Amino acid sequence: GQQVMQIPQYQHVQEGEDFTTYCNSSTTLSNIQWYKQRPGGHPVFLIQLVKSGEVKKQKRLTFQFGEAKKNSSLHITATQTTDVGTYFCAGTNTNAGKSTFGDGTTLTVKP
Amino acid sequence: NAGVTQTPKFQVLKTGQSMTLQCAQDMNHEYMSWYRQDPGMGLRLIHYSVGAGITDQGEVPNGYNVSRSTTEDFPLRLLSAAPSQTSVYFCASRRTGIGNQPQHFGDGTRLSIL
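Chains as they are written, first to last, in this note's numbering: chain A, 1 to 111; chain B, 1001 to 1114.
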């Protein structure tokens, strides 16, 4: 079945440093979504990427979808303590299919 | 607009007991799903439904049953609880069964099996 791998599992940064998490799928994806889960909370949708090579930005967050639509990344510039949480990618390989979540990257930010 | 509501928020069971986790959404979403989240293992799909009367298995369906008699409700039943089912359970919904829409998650049920 479809597998979605996400690295790293944990990342500890000093406030102001940059952060990147990577997502790789074993199959070509029709779209990829990114979610953020604060400690003790539930996943919250951030963004969806659909097109090959697509890049989207949300303030300090930059999301990319690979040319082959098998990998994606989330980059945070100048992290803040409010960025703390676990970031998940979720890939769908057909428009009518289920989404498979990566295992997430847990970000901690030291003030 | 409550979104996705899960009850209870916390539950402790003894091995062998059965129980039902409730999930309701008020957004008229066709697609609903149940995930379990274990430390370091992300979200694993248990069962899902693309509409009332239709359910299907996800990655880890064993030990769980679901039904979808109405659009709003999607209960998850544990038939005979086992310690391996200790986890945080999330219910989610999206507008249709097509996978290009965001999922909305409930607050979760934290379940411990002794």
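Take the hints with a grain of salt, since some may be wrong.
Unchecked claim - Below, in silico cross-link-like pairs of lysine to aspartate or glutamate (EDC-like), each with a Cα-Cα straight-line distance of 20 Å or less:
id	chain 1	residue 1	chain 2	residue 2
1	A	36	B	1107
2	A	36	B	1038
3	A	56	A	83
It is worth saying that the hints were derived from the structure and are not from the lab.
Because the structure is a prediction, the values reported are computed rather than measured.
Going down the list of hints, with the structure as the test:
This hinted pair checks out: residue 36 of chain A and residue 1107 of chain B have alpha carbons roughly 13 Å apart, not beyond 20 Å. Distance restraint check for residue 36 of chain A and residue 1038 of chain B: the Cα-Cα separation of roughly 16 Å lies within the 20 Å cut-off, and the hinted pair is therefore satisfied. Using a Cα cut-off of 20 Å, the hinted pair residue 56 of chain A and residue 83 of chain A holds, with the two alpha carbons roughly 18 Å apart.
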